[in-house]
Amino acid sequence: MANVGLNVHESLASIGLPGNITYQDIDKLSHGPFSELLQFIGGHVVGRLQARVARNQIQSKHIGAVERTPDDKAVSRLASTRKHCEVYATELRERLQDMENARKHQLKAEQRVKFELEKLEQSEKKRQERIRIIAKDLKL
Numbered sequence: 013m014a015n016v017g018l019n020v021h022e023s024l025a026s027i028g029l030p031g032n033i034t035y036q037d038i039d040k041l042s043h044g045p046f047s048e049l050l051q052f053i054g055g056h057v058v059g060r061l062q063a064r065v066a067r068n069q070i071q072s073k074h075i076g077a078v079e080r081t082p083d084d085k086a087v088s089r090l091a092s093t094r095k096h097c098e099v100y101a102t103e104l105r106e107r108l109q110d111m112e113n114a115r116k117h118q119l120k121a122e123q124r125v126k127f128e129l130e131k132l133e134q135s136e137k138k139r140q141e142r143i144r145i146i147a148k149d150l151k152l
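Numbered per my numbering, the sequence shown spans residues 13 to 152.
The set of hints was computed from the structure by calculation and includes no laboratory data. Using N, Cα and C, we set each Cβ at its ideal position, and we do this for glycine too. Fair warning: there could be bad hints in the mix.
Pair by pair, the computed Cβ-Cβ distance ranges are [what the hints assert, rightly or not]:
(1) S72 <-> G28: 16 to 26 Å
(2) S88 <-> F46: 47 to 57 Å
(3) Q134 <-> V99: 46 to 56 Å
(4) G59 <-> N15: 15 to 25 Å
(5) Q109 <-> K85: 33 to 43 Å
(6) K73 <-> G31: 46 to 56 Å
(7) R124 <-> E103: 42 to 52 Å
(8) I143 <-> E112: 30 to 40 Å
Simulated crosslink set (DMTMM-like; lysine to aspartate or glutamate; CA at most 20 Å straight-line) [as the list claims (entries may be wrong)]:
(9) K120 <-> E130
(10) K116 <-> E106
(11) K148 <-> E136
(12) K116 <-> E128
(13) K137 <-> D149
(14) K40 <-> E22
(15) K126 <-> D110
(16) K95 <-> E79
(17) K138 <-> E122
(18) K73 <-> D84
(19) K138 <-> E128
(20) K151 <-> E141
(21) K95 <-> D83
(22) K131 <-> E141
(23) K120 <-> E136
(24) K95 <-> D84
Can you make the complete structure from the sequences, with help from the hints?
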């Protein structure tokens with residue numbers, strides 16, 4: 013348990029523990045659930061401080077990178093515009109292909125309907141011819 017108190021004291025000291033709180037004071041509190049809480053706070057806050065330091069370092073590197081020349085900005089805009097054109101051209105090709113496929117399906121459906129109507133018309137003509145022959149035979 014002594015190591016736990018020492019670890020908690022060190023982690024809390026690294027984030028600004030007041031100097032009048034000694035290792036012995038923390039060691040007295042470092043038992044049971046409160047010990048787990050102190051360990052979590054020490055580790056969590058230290059992690060947050062390290063994350064803040066890392067973010068500040070990244071941001072300080074980006075400050076110089078933000079200041080670009082007009083030529084760099086123009087090149088970037090041109091590259092972005094080209095990318096947009098490629099995306100739009102791809103979308104257009106896909107839509108045109110979809111429209112062509114839809115037209116093909118519609119044409120096939122119309123051809124099927126036309127074929128069925130022609131078959132029905134032929135069947136009807138044959139039926140009428142049979143009726144005419146039967147009617148002619150009955151009149152005789």
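Hinted pair K138 and E128, Cα distance within 20 Å
OK: K138 and E128 at ~15 Å, within 20 Å.
Mind checking the alpha carbons of K95 and D83 for me, to see if they're no more than 20 Å apart?
Roughly 18 Å between the alpha carbons, so the hint for K95 and D83 holds.
Are K116 and E106 close enough, with their CA atoms no more than 20 Å apart?
With Cα atoms ~15 Å apart, K116 and E106 stay inside 20 Å; holds.
K120 and E136: Cα distance at most 20 Å?
violated (24 Å)
Does the structure keep K138 and E122 at a Cα separation of 20 Å or less?
Distance ~24 Å between K138 and E122 Cα, so the pair is violated.
Range hint 47 to 57 Å (beta carbons of S88 and F46) holds or violated:
holds (55 Å)
For the range 15 to 25 Å, tell me whether the beta carbons of G59 and N15 fit it or not.
holds (20 Å)
Would you check the hint for K95 and D84, treating anything up to 20 Å between C-alpha atoms as holding?
holds (16 Å)
Measuring from beta carbon to beta carbon, are S72 and G28 in 16 to 26 Å?
23 Å Cβ-Cβ, so the 16 to 26 Å window holds.
Taking the CB of Q109 and the CB of K85, does the distance hold inside 33 to 43 Å?
Roughly 36 Å apart at Cβ, these two residues keep to the hinted range, so it holds.
Proposed proximity, E79 with K95 (alpha carbon, max 20 Å)
Distance ~23 Å between K95 and E79 Cα, so the pair is violated.
What's the verdict on K40 and E22, does the C-alpha distance respect the 20 Å limit or exceed it?
Roughly 15 Å separates the two Cα atoms, so the pair holds.
In the structure shown, a violation is registered for the earlier hints numbered 6, 7, 8, 15, 16, 17 and 23, in ascending order.
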